[in-house]
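> What follows is each chain in one-letter form.
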Amino acid sequence: MTTPVLEIRNLHARIEEREILKGVNLVIPAGEVHAIMGRNGSGKSTLSYVLAGKEDYEVTEGEILLNGENILEMEPDERAAAGLFLAFQYPIEIPGVATMTFLKAAINAQRKARGEAELSTPDFMRAVKEAGAQLQIDSDMLKRPLNVGFSGGEKKRAEILQMALLKPSLAVLDETDSGLDIDALQVVSKGVNALRDGQRSMLVITHYQRLLNHIVPDVVHVFSDGRIVESGDKDLALQLEAKGYAGFDGEAA
Amino acid sequence: MSALDIPTLKENIDLETVEKVRALDVDKYKYGFETTIESDRAPKGLSEDTVRFISAKKGEPEWMLEWRLDAFRRWLTLDEPTWARVHYPQIDFQDMYYYAAPKSTSGPKSLDEVDPELLATYEKLGIPLREQEILAGVEGASANVAVDAVFDSVSVVTTFREELAKVGIIFCSISEAVREYPDLVRQYLGSVVPVSDNFYATLNSAVFTDGSFVYIPKGVRCPMELSTYFRINERNTGQFERTLIIAEEGSYVSYLEGCTAPMRDENQLHAAVVELVALDDAEIKYSTVQNWYPGDKDGKGGIYNFVTKRGDCRGHNSKISWTQVETGSAITWKYPSCILRGDNSRGEFYSIAISNGHQQVDSGTKMIHLGKNTSSRIIAKGIAAGFSDNTYRGQVSAHAKAKNARNFTQCDSLLIGDTCGAHTVPYIESRNASAHFEHEATTSKISDDQMFYCMQRGLSEEEAVALIVNGFVRDVLQQLPMEFMVETQKLISISLEGSVG
Numbered sequence: 001m002t003t004p005v006l007e008i009r010n011l012h013a014r015i016e017e018r019e020i021l022k023g024v025n026l027v028i029p030a031g032e033v034h035a036i037m038g039r040n041g042s043g044k045s046t047l048s049y050v051l052a053g054k055e056d057y058e059v060t061e062g063e064i065l066l067n068g069e070n071i072l073e074m075e076p077d078e079r080a081a082a083g084l085f086l087a088f089q090y091p092i093e094i095p096g097v098a099t100m101t102f103l104k105a106a107i108n109a110q111r112k113a114r115g116e117a118e119l120s121t122p123d124f125m126r127a128v129k130e131a132g133a134q135l136q137i138d139s140d141m142l143k144r145p146l147n148v149g150f151s152g153g154e155k156k157r158a159e160i161l162q163m164a165l166l167k168p169s170l171a172v173l174d175e176t177d178s179g180l181d182i183d184a185l186q187v188v189s190k191g192v193n194a195l196r197d198g199q200r201s202m203l204v205i206t207h208y209q210r211l212l213n214h215i216v217p218d219v220v221h222v223f224s225d226g227r228i229v230e231s232g233d234k235d236l237a238l239q240l241e242a243k244g245y246a247g248f249d250g251e252a253a
Numbered sequence: 254m255s256a257l258d259i260p261t262l263k264e265n266i267d268l269e270t271v272e273k274v275r276a277l278d279v280d281k282y283k284y285g286f287e288t289t290i291e292s293d294r295a296p297k298g299l300s301e302d303t304v305r306f307i308s309a310k311k312g313e314p315e316w317m318l319e320w321r322l323d324a325f326r327r328w329l330t331l332d333e334p335t336w337a338r339v340h341y342p343q344i345d346f347q348d349m350y351y352y353a354a355p356k357s358t359s360g361p362k363s364l365d366e367v368d369p370e371l372l373a374t375y376e377k378l379g380i381p382l383r384e385q386e387i388l389a390g391v392e393g394a395s396a397n398v399a400v401d402a403v404f405d406s407v408s409v410v411t412t413f414r415e416e417l418a419k420v421g422i423i424f425c426s427i428s429e430a431v432r433e434y435p436d437l438v439r440q441y442l443g444s445v446v447p448v449s450d451n452f453y454a455t456l457n458s459a460v461f462t463d464g465s466f467v468y469i470p471k472g473v474r475c476p477m478e479l480s481t482y483f484r485i486n487e488r489n490t491g492q493f494e495r496t497l498i499i500a501e502e503g504s505y506v507s508y509l510e511g512c513t514a515p516m517r518d519e520n521q522l523h524a525a526v527v528e529l530v531a532l533d534d535a536e537i538k539y540s541t542v543q544n545w546y547p548g549d550k551d552g553k554g555g556i557y558n559f560v561t562k563r564g565d566c567r568g569h570n571s572k573i574s575w576t577q578v579e580t581g582s583a584i585t586w587k588y589p590s591c592i593l594r595g596d597n598s599r600g601e602f603y604s605i606a607i608s609n610g611h612q613q614v615d616s617g618t619k620m621i622h623l624g625k626n627t628s629s630r631i632i633a634k635g636i637a638a639g640f641s642d643n644t645y646r647g648q649v650s651a652h653a654k655a656k657n658a659r660n661f662t663q664c665d666s667l668l669i670g671d672t673c674g675a676h677t678v679p680y681i682e683s684r685n686a687s688a689h690f691e692h693e694a695t696t697s698k699i700s701d702d703q704m705f706y707c708m709q710r711g712l713s714e715e716e717a718v719a720l721i722v723n724g725f726v727r728d729v730l731q732q733l734p735m736e737f738m739v740e741t742q743k744l745i746s747i748s749l750e751g752s753v754g
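Sequence order for the protein chains is A and B.
Residue 1 is where the first sequence starts when you use the numbering used here, and the numbers rise one by one after that.
Residue 254 is where the second sequence starts when you use the numbering used here, and the numbers rise one by one after that.
Do not rely on the hints blindly, as some may be mistaken.
[As the list claims (entries may be wrong)] Straight line, CA to CA, 20 Å or less: simulated EDC-like cross-link-like pairs of lysine to aspartate or glutamate:
(1) A:Lys112 to B:Glu714
(2) A:Lys104 to B:Glu714
(3) A:Lys104 to A:Asp123
It is worth saying that the hints were derived from the structure and are not from the lab.
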């Protein structure tokens with residue numbers, strides 16, 4: 001049996017005194033795309049932060065295995081080097097740092113952490129140009145400071161560009177559709193779909209079913225009150241759209 | 254040719270260095286090593302005799318001695334300034350040496366005569382390889398950087414002088430200029446920073462030991478960056494550098510000054526004076542990278558840096574631009590300034606001041622608008638980490654005759670952690686209704702969200718801080734000559750090591 005890319009076992013986490021994750025169990029085998037849907041405040045974003053290792057959250061119980069390795073004791077940068085990528089719902093501005101500079105720093109930091117040689121500048125430029133073209137990112141945008149003054153669509157495209165270049169084994173997409181108009185949504189989805197290669201796994205966190213028309217998941221999970229309350233195939237998303245979350249909250253109680 | 258085997262030399266010295274640094278039990282300071290070169294010191298303390306000793310050592314003419322003695326007498330009547338936001342124990346000016354020179358005061362005739370340890374020192378200073386080769390006389394080495402290396406007060410090696418002389422440029426030590434070009438020195442020395450300008454400048458005037466002299470003749474564009482590396486090496490020796498740069502009508506020069514200093518237990522005083530004179534249509538660009546020993550992690554030791562730097566845009570359409578990267582010293586008291594005397598003249602000040610540990614920085618500039626249509630621009634970036642204090646202090650003033658004077662000032666402070674302080678103290682004075690001054694100031698912190706974002710992409714904590722800080726100072730970094738930019742980015746990372754976590 002092959003090791004799943006992600007395995008979450010009975011994960012409990014809290015911020016200050018408030019428990020937000022209350023026993024999450026999730027297995028994502030290699031190459032699968034799973035979606036997590038849930039209403040605002042259900043703890044979906046917290047799950048993404050806890051996976052990436054944001055220090056505001058304290059894990060009180062459970063395990064997170066990435067490719068079979070427990071990552072709970074790892075710093076965020078170590079988790080990144082181990083293959084975890086988080087596309088932020090609200091990407092952070094880094095003033096004065098050209099997008100290109102940031103990309104190179106990130107790629108080489110991960111390579112260094114894995115004991116690999118730095119990417120040569122020509123190889124790097126080629127990779128950026130290639131990945132950028134698909135996402136309609138031109139060289140002007142790459143010269144601008146990362147996320148500073150970017151439109152909603154530009155920010156999300158920049159996130160996917162980073163994902164394309166960093167080649168994670170697990171990509172967590174947190175509300176990637178928020179703030180996108182339909183054209184931008186298509187560009188971003190196309191970029192994401194291009195990264196589905198049968199090996200890479202994805203966890204798509206979203207509020208709306210709309211995104212899942214573009215990025216079609218293998219499995220859909222319904223998240224409520226800090227845990228997964230229902231799982232099914234992509235049709236579950238449609239049911240949710242029709243019934244709303246209320247029906248599932250009842251089952252969770 | 255001089256067959257100096259630098260790699261072998263380096264191996265030997267490195268071992269010795271490692272041991273010394275280990276013995277000192279401090280490994281934070283990357284350039285913490287001492288070179289054992291026999292030195293020729295003046296007796297401890299400061300008196301007219303000390304001044305006479307220095308003047309005699311340098312074989313100076315009578316007028317120079319009188320100038321020094323005049324300064325010394327004025328200094329006796331002055332008090333140390335206390336207005337800066339810096340705190341340090343009382344300096345005992347009688348408990349220091351005012352002159353130390355490597356033996357052989359006549360100066361080496363060639364590199365063969367240069368103490369090999371000195372060359373090894375340059376290597377550890379991180380002098381770019383290309384310049385090291387030139388200093389070591391490596392055959393075939395060519396560069397467009399000329400180096401006048403100041404090693405504990407006496408210029409030891411000056412390169413490229415012949416090439417510069419072809420276009421009439423004089424680049425030599427100030428001591429040599431006093432002997433060889435007395436008319437120029439007498440005309441300009443003290444004409445920008447008067448003898449009694451301030452306590453430290455006056456002290457410098459009395460006891461300055463060496464420094465650089467640059468003269469660019471009319472219409473000449475200096476074909477290379479002129480570069481000086483200063484180094485404080487002798488225990489308990491104050492460094493009193495004196496630099497004078499004169500750009501004649503329509504000329505241009507770019508001058509680089511870079512510094513590191515060895516590990517110290519005791520505080521060392523450094524009080525330099527730099528004077529720049531730009532005549533009609535001339536431009537001087539003066540860049541500094543200062544990385545002196547800042548003291549250990551508890552704030553013990555480190556250099557006291559009390560510097561007076563001033564440029565005089567004496568001619569019409571002249572321009573003086575200061576760019577500084579200040580990462581070292583325990584205390585920095587430094588305000589590179591411009592007197593915009595000529596009509597249409599322009600002054601610029603670009604500054605990065607980083608303080609970590611227990612460093613105290615009080616730095617900024619003065620833009621004194623005297624002529625018509627004068628303009629100035631100030632971009633100051635202060636970064637405070639650890640337990641440090643970082644103050645920007647700047648003055649912009651317009652004289653009644655300075656019609657249409659323009660200034661733009663931007664002061665940004667970045668705080669890392671919550672035990673440091675950043676302060677901005679702008680003084681703006683206008684005696685002229687047509688003057689137009691703008692001042693912008695921001696204070697920010699590196700946010701946890703920025704750190705998390707960068708680390709999620711794989712950057713370590715320190716790499717993330719360095720990247721964010723380099724972004725913060727980008728506007729100023731771009732003002733540096735290309736070859737200094739990369740070094741400076743590294744220096745910024747080194748300076749902020751240990752500032753997080």
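> If a hint holds in the structure, say so; if it doesn't, say that too.
Going through the hints against the structure:
1. A:Lys112 to B:Glu714: 14 Å, holds
2. A:Lys104 to B:Glu714: 16 Å, holds
3. A:Lys104 to A:Asp123: 11 Å, holds
In terms of the numbered hints stated before, the structure departs from none.
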